[in-house]
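There are 2 protein chains.
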Amino acid sequence: MKLFLKKLTPARIIVGYYMLAVTISVLMLRIPAVHLPGVEVSFIDSVFTAVSAVSVTGLTVVNISETYSVFGIFVLILIFQLGGIGVMTLGTFFWLLLGKKIGLKERQLIMVDQNQPNLSGLVNLMKDILKIILLIELLGTLILGVYFLKFYPDWKDAFLHGLFASISATTNAGFDITGQSLIPYANDYFVQLINIILITLGAIGFPVLIELKQFLMHRDNSRIFRFSLFAKLTSITFLALLVFGTIVILLLEWNHAFRGASWHESFFYALFQSATTRSSGLATIDVSTFSQATLIVMSGLMFIGASPSSVGGGIRTTTFALNILYLYHFANGNRHIKVFRRELHEDDIRKALAVTMLAFILCSVSLVVLSISETHSLLALLFEICSAFGTTGLSMGITPDLSTFGKCVIMLLMFIGRIGLPSFLFMIGGKEEKTKFHYPKERVIIG
Amino acid sequence: MKLFLKKLTPARIIVGYYMLAVTISVLMLRIPAVHLPGVEVSFIDSVFTAVSAVSVTGLTVVNISETYSVFGIFVLILIFQLGGIGVMTLGTFFWLLLGKKIGLKERQLIMVDQNQPNLSGLVNLMKDILKIILLIELLGTLILGVYFLKFYPDWKDAFLHGLFASISATTNAGFDITGQSLIPYANDYFVQLINIILITLGAIGFPVLIELKQFLMHRDNSRIFRFSLFAKLTSITFLALLVFGTIVILLLEWNHAFRGASWHESFFYALFQSATTRSSGLATIDVSTFSQATLIVMSGLMFIGASPSSVGGGIRTTTFALNILYLYHFANGNRHIKVFRRELHEDDIRKALAVTMLAFILCSVSLVVLSISETHSLLALLFEICSAFGTTGLSMGITPDLSTFGKCVIMLLMFIGRIGLPSFLFMIGGKEEKTKFHYPKERVIIG
Ligand SMILES: [K+]
Ligand SMILES: [K+]
Numbered sequence: 000m001k002l003f004l005k006k007l008t009p010a011r012i013i014v015g016y017y018m019l020a021v022t023i024s025v026l027m028l029r030i031p032a033v034h035l036p037g038v039e040v041s042f043i044d045s046v047f048t049a050v051s052a053v054s055v056t057g058l059t060v061v062n063i064s065e066t067y068s069v070f071g072i073f074v075l076i077l078i079f080q081l082g083g084i085g086v087m088t089l090g091t092f093f094w095l096l097l098g099k100k101i102g103l104k105e106r107q108l109i110m111v112d113q114n115q116p117n118l119s120g121l122v123n124l125m126k127d128i129l130k131i132i133l134l135i136e137l138l139g140t141l142i143l144g145v146y147f148l149k150f151y152p153d154w155k156d157a158f159l160h161g162l163f164a165s166i167s168a169t170t171n172a173g174f175d176i177t178g179q180s181l182i183p184y185a186n187d188y189f190v191q192l193i194n195i196i197l198i199t200l201g202a203i204g205f206p207v208l209i210e211l212k213q214f215l216m217h218r219d220n221s222r223i224f225r226f227s228l229f230a231k232l233t234s235i236t237f238l239a240l241l242v243f244g245t246i247v248i249l250l251l252e253w254n255h256a257f258r259g260a261s262w263h264e265s266f267f268y269a270l271f272q273s274a275t276t277r278s279s280g281l282a283t284i285d286v287s288t289f290s291q292a293t294l295i296v297m298s299g300l301m302f303i304g305a306s307p308s309s310v311g312g313g314i315r316t317t318t319f320a321l322n323i324l325y326l327y328h329f330a331n332g333n334r335h336i337k338v339f340r341r342e343l344h345e346d347d348i349r350k351a352l353a354v355t356m357l358a359f360i361l362c363s364v365s366l367v368v369l370s371i372s373e374t375h376s377l378l379a380l381l382f383e384i385c386s387a388f389g390t391t392g393l394s395m396g397i398t399p400d401l402s403t404f405g406k407c408v409i410m411l412l413m414f415i416g417r418i419g420l421p422s423f424l425f426m427i428g429g430k431e432e433k434t435k436f437h438y439p440k441e442r443v444i445i446g
Numbered sequence: 000m001k002l003f004l005k006k007l008t009p010a011r012i013i014v015g016y017y018m019l020a021v022t023i024s025v026l027m028l029r030i031p032a033v034h035l036p037g038v039e040v041s042f043i044d045s046v047f048t049a050v051s052a053v054s055v056t057g058l059t060v061v062n063i064s065e066t067y068s069v070f071g072i073f074v075l076i077l078i079f080q081l082g083g084i085g086v087m088t089l090g091t092f093f094w095l096l097l098g099k100k101i102g103l104k105e106r107q108l109i110m111v112d113q114n115q116p117n118l119s120g121l122v123n124l125m126k127d128i129l130k131i132i133l134l135i136e137l138l139g140t141l142i143l144g145v146y147f148l149k150f151y152p153d154w155k156d157a158f159l160h161g162l163f164a165s166i167s168a169t170t171n172a173g174f175d176i177t178g179q180s181l182i183p184y185a186n187d188y189f190v191q192l193i194n195i196i197l198i199t200l201g202a203i204g205f206p207v208l209i210e211l212k213q214f215l216m217h218r219d220n221s222r223i224f225r226f227s228l229f230a231k232l233t234s235i236t237f238l239a240l241l242v243f244g245t246i247v248i249l250l251l252e253w254n255h256a257f258r259g260a261s262w263h264e265s266f267f268y269a270l271f272q273s274a275t276t277r278s279s280g281l282a283t284i285d286v287s288t289f290s291q292a293t294l295i296v297m298s299g300l301m302f303i304g305a306s307p308s309s310v311g312g313g314i315r316t317t318t319f320a321l322n323i324l325y326l327y328h329f330a331n332g333n334r335h336i337k338v339f340r341r342e343l344h345e346d347d348i349r350k351a352l353a354v355t356m357l358a359f360i361l362c363s364v365s366l367v368v369l370s371i372s373e374t375h376s377l378l379a380l381l382f383e384i385c386s387a388f389g390t391t392g393l394s395m396g397i398t399p400d401l402s403t404f405g406k407c408v409i410m411l412l413m414f415i416g417r418i419g420l421p422s423f424l425f426m427i428g429g430k431e432e433k434t435k436f437h438y439p440k441e442r443v444i445i446g
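Taken in sequence, the protein lines are chains A and B.
Anchor point for the first sequence: position 422 equals 421 in numbering that gives the first Met the number 0, and the numbering is continuous, going up by one each time.
Anchor point for the second sequence: position 329 equals 328 in numbering that gives the first Met the number 0, and the numbering is continuous, going up by one each time.
Just so you know, not all the hints are guaranteed correct.
Looking from chain B toward chain A, a few residues come up when the C-beta cut is under 10 Å (computed) [said to hold, decoys possible]:
no., residue
1, 246
2, 249
3, 329
4, 330
5, 363
6, 370
7, 380
Once the Cα atoms are required to be at most 20 Å apart in a straight line, the calculated EDC-like pairs of lysine to aspartate or glutamate come out as [to be verified]:
no., chain 1, residue 1, chain 2, residue 2
8, A, 231, A, 373
9, B, 337, A, 346
10, A, 212, A, 127
11, A, 337, B, 345
12, A, 337, B, 346
Source of the hints: derived by calculation from the structure; they are not laboratory data.
Please read all numbers here as calculations on a predicted model, not as lab measurements.
Ideal Cβ placement from N, Cα and C applies to all residues, glycine included.
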């Protein structure tokens with residue numbers, strides 16, 4: 000028993016939790032009542048839907064609204080919560096738990112928890128995570144539900160759509176029951192803005208949310224609140240990616256997919272499709288109409304993915320930021336990376352570089368393997384692979400046509416993208432060495 | 000004058016030499032006599048041919064045998080020598096010159112030069128490089144010239160073909176005067192083997208050649224000769240890539256492009272096409288008949304390219320090896336990378352990682368940019384870009400169809416690939432810090 004507990008490393012617990020969630024989800028999705036009358040779904044497609052829902056990716060081999068009953072839709076909502084919120088909560092929990100080992104001083108710099116770092120404090124924190132997310136989802140449901148009364152006179156229909164939309168956005172699941180994502184709301188900027196806010200709250204990472212909460216609560220306190228390096232880094236990267244994506248999509252599609260659209264339509268198309276690459280996968284336009292250049296850029300954005308300890312996937316925004324900082328400081332001949340008056344820990348840089356390279360190898364090997372098993376173009380496969388690894392769920396439309404082997408590869412990518420290469424590497428990273436005197440070092444989460 | 004000399008950093012000298020070589024080449028290629036009677040070549044195509052020849056890439060927008068006269072062919076041979084051998088000689092020279100600054104002890108570990116490290120010693124070394132390469136080219140010309148008497152009864156024709164083939168292979172220029180690369184020799188394993196040997200001698204890097212020479216000359220000496228870490232690392236990587244490429248191409252094309260070919264034909268197709276990705280660009284089969292998976296793998300091999308201080312391009316074999324070693328040691332939790340009873344210097348690892356990432360960014364941006372300016376598929380563009388950056392010169396056939404802007408992008412990639420991102424980064428890398436006691440550290444060339 001003691002040996003069993005010793006073998007329960009955080010990575011194993013998260014993987015185990017994920018596996019359990021997939022198994023339960025598959026079993027639930029095999030209940031006949033989840034389907035609409037007369038609809039049959041093959042076993043592999045049920046497994047694919049389960050993996051896609053648990054990893055909150057949103058790639059689908061079936062049309063949800065034509066396949067699943069209202070009961071089935073509630074089952075899906077439950078699965079998003081298990082996958083999105085569950086993995087995020089566990090991930091944050093273990094990050095804090097591991098943080099204890101780093102030493103009191105550094106842990107305090109992480110600034111997430113001001114309390115005594117004991118187990119009951121951590122359990123309270125997990126409860127906090129759940130409360131905050133459920134509150135966000137509830138607010139989203141209310142706002143969207145009331146708004147949807149405009150389209151669905153029956154309040155039950157309106158609130159079912161509101162609930163599904165809110166949870167699908169907040170957990171970044173990206174599933175839809177409209178049959179065509181958010182395309183029906185292409186001109187409804189209110190729905191889009193609410194969605195972008197919910198997506199961002201889910202994808203920006205829980206540590207940021209809790210620091211934000213603390214900041215708001217301590218606002219009138221005389222002591223100056225300091226956001227952690229991690230919160231600053233991840234938020235700025237998140238914003239920078241959003242802006243970069245919006246500008247690039249706008250420029251590249253201005254005379255292409257957006258031809259004939261007004262400037263504000265074009266802007267919202269670009270903004271929403273940029274925001275969605277973080278990890279949501281909802282779309283207000285058929286992305287397969289985009290040009291090759293745009294689709295390559297979006298693949299890159301999906302590969303980067305969302306922030307650590309969030310509902311998203313990919314290599315994570317912090318990992319990307321550390322890569323860029325590394326290159327910038329290397330080009331300037333600086334060995335030590337300083338940012339926001341803090342010095343990054345060398346081990347974090349090493350991890351970020353390794354994670355990025357491994358993710359690149361993973362996706363490249365997938366490209367070669369899928370090129371053998373499928374007949375689709377390199378562009379369509381690249382987009383699908385990055386979408387799966389980033390748990391984004393956008394697709395050029397090839398998902399239902401994948402071979403069973405191809406579906407398995409995509410499922411594996413969704414799994415690794417969701418769990419995160421970093422969380423595995425975090426366990427096996429280098430040993431601590433004697434530190435020299437520098438700027439105060441500060442750890443950031445690689446994933 | 001003193002200020003001028005001070006600004007003459009090695010990187011600037013190499014870039015300056017390259018620019019000068021291109022200018023001279025363009026001027027020479029504008030002499031009317033270089034063309035066959037009645038043939039006109041546009042200015043941009045002359046520039047493209049010049050850049051392709053100076054960077055020994057071999058991508059062509061014109062058919063050489065139908066465009067250039069015998070005089071023009073000799074001009075091209077001269078340009079390969081300027082580009083292939085010239086840059087290689089200068090590169091090695093500066094590597095040794097910079098080696099002096101590393102300190103006597105470490106410089107001795109590099110083992111390339113046992114003499115007093117003074118400038119005249121270095122000039123002698125440059126002469127040595129030239130002698131060895133010219134000897135290799137002469138031997139290649141004699142062997143191929145005599146052999147070609149079989150096909151060309153006139154000895155002048157036979158030796159012109161022998162000379163061009165030998166120099167095009169040794170400098171890894173990859174140009175051909177057959178009009179269809181080495182496809183006419185698809186069943187002539189002797190010509191292929193000679194070509195593979197010449198390609199390898201040019202691409203394995205000059206430091207390896209000179210160590211090999213010293214090894215052969217000191218064989219009967221009682222003192223045990225020790226190959227440098229660099230020589231071991233680069234040779235083993237070179238061999239490993241050759242074997243890996245051969246196996247993968249053979250497996251992927253066995254039932255595809257090689258269908259109907261005998262096992263030994265298939266094996267030689269795979270072997271030659273694997274060897275050619277190091278940097279030669281000669282081919283014994285039309286690579287556009289290969290499957291998507293094979294072409295992705297070949298793109299990766301071309302991106303890696305040849306060894307440092309050689310006639311090739313790409314990120315270089317050592318850079319690739321250091322990346323792999325980094326990942327392997329990282330996965331095992333080792334911070335210090337030990338290989339062949341030596342420890343790699345941390346700065347070299349940092350450089351290798353930065354070079355790889357920058358090269359990846361460079362090629363990705365090129366992909367997006369060419370996706371905007373050209374109408375070709377992602378696969379064709381990826382292959383072309385990796386071929387240009389690796390100065391390989393293989394193509395799916397899109398080179399002549401590129402827009403003028405597209406040609407400029409490819410020219411820039413050939414230039415950077417040939418000069419090497421590493422040689423720029425070598426100048427701007429991190430400052431030296433106090434060393435602690437470890438295994439004896441040993442420098443390797445990143446590029
Ligand atoms: K998603
Ligand atoms: K070449």
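Here's how the hints hold up against the structure:
For residue 246 (chain B), the interface hint is violated, since its Cβ never comes within 10 Å of a Cβ in chain A; the closest pair sits about 13 Å apart. A cut of 10 Å between beta carbons decides the hint on residue 249 (chain B): the least distance to chain A is about 14 Å, and the hint is violated. For residue 329 (chain B), the interface hint holds, the least distance from its beta-carbon to any beta-carbon of chain A being 5 Å, beneath 10 Å. For residue 330 (chain B), the interface hint holds, the least distance from its beta-carbon to any beta-carbon of chain A being 6 Å, beneath 10 Å.
Interface hint at residue 363 (chain B): satisfied, since its Cβ lies 7 Å from the closest Cβ of chain A, which is below the 10 Å cut-off. At about 4 Å, the closest approach between the beta carbon of residue 370 (chain B) and any beta carbon in chain A falls short of 10 Å, and the interface hint on this residue holds. At about 9 Å, the closest approach between the beta carbon of residue 380 (chain B) and any beta carbon in chain A falls short of 10 Å, and the interface hint on this residue holds. Among the hinted pairs, residue 231 (chain A) with residue 373 (chain A) is inconsistent with the structure: their alpha-carbon atoms are about 42 Å apart, more than 20 Å.
Among the hinted pairs, residue 337 (chain B) with residue 346 (chain A) is consistent with the structure: their alpha-carbon atoms are about 18 Å apart, no more than 20 Å. Proposed proximity of residue 212 (chain A) and residue 127 (chain A) is supported: the alpha carbons are some 10 Å apart, at most 20 Å. A threshold of 20 Å between alpha carbons decides the hint, and for residue 337 (chain A) with residue 345 (chain B) the separation of about 19 Å falls inside it, so the pair holds. Distance restraint check for residue 337 (chain A) and residue 346 (chain B): the Cα-Cα separation of roughly 18 Å lies within the 20 Å cut-off, and the hinted pair is therefore satisfied.
The structure shown violates the earlier hints numbered 1, 2, 8.
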